[in-house]
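Participant: Got chain A; can you put chain B on it based on the hints?
Those sequence lines, one after another, are chains A and B.
To convert, take the position in the first sequence, counting from 1, and add 131; that gives the working numbering.
To convert, take the position in the second sequence, counting from 1, and add 1049; that gives the working numbering.
Rather than coming from a laboratory, the hints here were simulated on the basis of the structure.
The beta-carbon is built from N, C-alpha and C at its ideal position, and this holds for glycine as well.
Please note that the accuracy of each hint is not assured.
To be verified - Partner residues aside, some chain B positions facing chain A, computed with beta carbon under 8 Å:
1. Tyr1086
2. Lys1167
3. Glu1428
4. Gly1439
5. Ser1440
6. Asn1442
7. Asn1446
8. Ala1462
9. Gly1570
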Amino acid sequence: MSQTKVLLVDDEVEFASALAERLQLRNYYVHTANNALEALGLVYKDRPDVVILDLRIPGMDGIETLKTIKKYDPSIEVIMLTGHGDVQSVQEGMTSGAFEYIMKPVDIGELTSKIDKAQKKRKEG
Amino acid sequence: MTENNKPSKKDKKSFLYSLMNLLRLNALFNTSGSDRYKGLKIRIVLLDAVLSLIPLFIVVTISYFWFQQILKDDFRNQLKWEIENTKQSIEYFLDERLSTLRFITSTYTYEELSDQKKLNDVFIKIKKEFPGIVDFGVIDADGIQRSYAGPYRLQGVDYSNQNWFNEIVIRSSYISDVFMGYRKIPHFAIAVKKEIPEKRTFWVLRVTIDVETLKKYATSINLRENDDAFIVNHNGILQTTSRSHGNVLETFKNFTAVPEEKTSLKDFNHSKDDYGIYGYAYIKNVPWIFVSVIKSTPYAKIPNIFRNELFYITVLSILFSVAVTFMLTQTVVNRIKKSDQEREVAISEIEHSSKMASVGRLAAGVAHEINNPLAIINEKAGLMKDILEGSENLEKNKDKFLVLLNGIFDSVARCRTVTHRLLGFSRRMDISHDLTDINDAIKEVIGFIEKEMLYRNIKLVLNFKENLPRVITDKGQIQQVFLNIINNAVDAVEEGGQIEVSSDIKDINTIRVLIKDNGVGIPKDKLKHIFEPFYTTKEKDKGTGLGLSISYGIMQKLGGMILVESEVYKGTNFIIEIPVAAKAVKGGGL
Chain A
132 MSQTKVLLVD DEVEFASALA ERLQLRNYYV HTANNALEAL GLVYKDRPDV VILDLRIPGM
192 DGIETLKTIK KYDPSIEVIM LTGHGDVQSV QEGMTSGAFE YIMKPVDIGE LTSKIDKAQK
252 KRKEG
Chain B
1050 MTENNKPSKK DKKSFLYSLM NLLRLNALFN TSGSDRYKGL KIRIVLLDAV LSLIPLFIVV
1110 TISYFWFQQI LKDDFRNQLK WEIENTKQSI EYFLDERLST LRFITSTYTY EELSDQKKLN
1170 DVFIKIKKEF PGIVDFGVID ADGIQRSYAG PYRLQGVDYS NQNWFNEIVI RSSYISDVFM
1230 GYRKIPHFAI AVKKEIPEKR TFWVLRVTID VETLKKYATS INLRENDDAF IVNHNGILQT
1290 TSRSHGNVLE TFKNFTAVPE EKTSLKDFNH SKDDYGIYGY AYIKNVPWIF VSVIKSTPYA
1350 KIPNIFRNEL FYITVLSILF SVAVTFMLTQ TVVNRIKKSD QEREVAISEI EHSSKMASVG
1410 RLAAGVAHEI NNPLAIINEK AGLMKDILEG SENLEKNKDK FLVLLNGIFD SVARCRTVTH
1470 RLLGFSRRMD ISHDLTDIND AIKEVIGFIE KEMLYRNIKL VLNFKENLPR VITDKGQIQQ
1530 VFLNIINNAV DAVEEGGQIE VSSDIKDINT IRVLIKDNGV GIPKDKLKHI FEPFYTTKEK
1590 DKGTGLGLSI SYGIMQKLGG MILVESEVYK GTNFIIEIPV AAKAVKGGGL
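Chain B extracted, bound-state conformation:
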């Protein structure tokens, strides 16, 4: 097999080519035997595995990240929804307190509530309904607390200089930040203003509420380990105590401003172990922001179930595709192997049949050459027997017997010539170096075929140069070349055609033999093929297509050459150039 690994021109298939090269698919055509099929198998499996597994890995990877993204989105939506719910419940809690206060200010008059006893009644009733309320106070337009119900003694306290009182003069209600106040426990205040239009004055009902109640609402969101939820004011001061972001009234360090309108989620990644999501939601009518810190981000690690499933599916797919690849490869390689074997069988059959054809030709020729003298011997001996059986007097027939016996010896000599010639041809595989007279060699060859030429009325012209230098060459092989070419000439000419064989000296080192016929000639398109093995234009069984290629090989081996020139319907010239001293080549088969 010839080298297939020539560098190709830049073509469109260069990718495939380089892939093939990468896997060295080409190289396997140069290896031989069972290794070749093994190598072929391995490389097809590799190529196929690469081609089928790459898409598999792409799909698996994409679906992994796709699933992770879905989980993340889902989780964030869920979180947002929870934050909004919590925010709404805080708003609802505050709204409810405000409504209650408005209800009280509409139901009772300033005078009624200024009465300490009446205020106490109302306080006790309300406290029952709404736990977390610490105290009640009624404040007049001058900021003086007129009456007070609660655990402290705060009647008569002047609030006129406090911010919240100034605010409420302008607005109808007020909810304060968390503060320590007189009581030194964190709480916040809700105040409602009641106008008295006929007196052109107003009064204020104020309650304080325990921060713990607020915290309960803030932490009603579904919290996992490491998560946190709390309320800060617009300056980032904690309004409720957090799990891990400081106590009430401390500052929330990681506070960032966010848009007020909607719930926002912000990813954070402070360190390798400190990452998660901040959720911010502004609470209506209060300077508060509900903050949740979610560190339990489950999507960061895809649930094991999914991961395991993906793993099993991937492994199964790989196993399946490898199995299919193996089966496919087995089939393909077996096919190739089988067709290779079939080709080898076909080639050896051709070789055998061509060998048989040439053996058959030779056998037929030999049979004819030997049968004729045998027939003569048969008849002469038979005649002698006939005479012996029919006559008593041997002396009378003595001369006749001698003539007949001489005839028998002549025929035996003819047979001997044939067998010797045959032996000369069989010794031809190794180059021998005989001192050869080319003219004699040609004459011997012609002895083989002159009968055939005679029968077909072919005129043979011999034009030998006298005193040719004798050459050192393999006589048997050079004779085979002459025989092949003269045989071809005999086949090429019509009955009554002419073949001319001449010898000459070309130069001091070379003898030149010309075999010229006036036969059908060889067309130009066929001329270039005639030295190829198995190329023949003769009928089946008559030519092997090997004669000229063998002759060509022999002449190369002997350091000479064969040239051919031909013209259709005019004839063909074969010129054989023989070196006077054959090339010193070691012998070997053709």
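Chain A extracted, bound-state conformation:
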């Protein structure tokens, strides 16, 4: 079974790098991006299977980034990260095509199970 390609987008470099390393230890292929433009560049260049996207990132609104990714390739699944209980933007994200959302701080088991589910859905769909 090939590795799932994950793109992790978060403006907190420390957070992104630590989480990326943990995911790599769990046998995922991970890229990180710290802002929206970088993220979109990697989506184009690398074609990730699953994008983990912080809703509050500089450069472009998280929701806008989500919409752009889904427009570019609807088969890429997006899991939203949110730092606080911003119910409104979570709802907006879900209606804009996000697969799931997860609250910060992240439980690694919960995150990997959601990534796997997203990947499974991709393969079935």
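Facilitator: Chain B alone, transformed into the frame defined by chain A:
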């Protein structure tokens, strides 16, 4: 509640106004608590009672006097009718006597009646029919009584020099005043003249009648206690004995001339106890006036039955109207009370929801600020755990662990900053006097919101004057003012907008902070409201409408001020002037 008692201009409602003032209806708006409703109740009851009872009293009084007048008129008509009846019966009595005499003079000749025996026969017959006749006499044209029937010896008496005889020579009949005459008892005379045309002479038949008979007719009118009825002649000499106005042939003191044609009634009021009505009626063909004195004037005192009824009706009406007033007042006051309570509840709900909104905003901000470092700690600790679980050789990973642990400490420090800042904001109700560097205070505030500005691509320009004098003021409160106004600026600008914060020295006593944005601006009609509490143009749940009013209050308390200038689509400038030494005001809530 504001003072409602301002003197009004002269207006049409000034009557109502003064009535309200009289009852101090206005004043009750200034009292408070349950006393206020009690006072309101009492005054409404009073006002209503006055308004409803005045017409009641007017109606009762009018109907009382109206009824009295009706009684009076009724009584006087009744009295008049009785007087006329009595007068007519006296006239009838006299007419009857005259007719009888005429009948006798037509039936018998002078010669027959001159015969003493014949006259006696006739006298006895007549006396049987008409009691009260004292005697009969036949007088010739020379005034000599030719024959006489009666209890006295009066045959041959010469009447030719007496007035009545001279009168009868001219007229056909004559009725005299009452007189004593030869007999020394009061009586009056009726005489009828019989002409003998063929002999060109005449004779006279004369009867005298006892006054007692006349009196019987006079007093046939319905008399009550203290009333009186009698006959006087045109000179006021009593013709019959009265109950309380003198004996026969005495003078009636209170006699006044009245018109002859009709019965007249005259009120008199000689003293407090001596009042009533005189009734006068002229008797036809005689120089007599029938007089009645009525002192029992029942209308002067309205009958008790009516008075009692009126009293009961009045009392019932008062009770009814008072009861209705009470019920009405109860309802009205309860309504007012209820609506007051509802208003209070509504206000406290607004206060609560605005408090909740600001708490919610704060909570969301804090959650975001703390969650990010927490997430970093979570990941770094998780990574360390992952490494520990997957590797036997700890020494190899020592440097990596140190890096990760430093990252964790950094994040903890970030959390600490947030919590400290939060504590700084919570101490803000009492004025404290801190030696404050305004530039530092602004920087701390900006630390709170720069993330938000960053996300929204808002450009922040700081233009601080170096070496500002430090001011003695309440740092926490002044920071809240900065936060409120910068927050508003953030809300006002579009994405990619610009906010400029600058500080300067205005004069030796004042520092001036300018917060300038290039946002939507505030229209002129809204500009004058922005410092009012609960005035907001933001969406529901986003603004409480309290921020600027609280800021305004704080600046007043600290002896400074907030000025605003704005132009639509160009931006808004808030100028905050802070005194170098805060006003020595005792602390207190906003």
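Participant: Name the hints, by number, that the structure is in violation of.
Facilitator: 1, 2, 5, 6, 7, 8, 9
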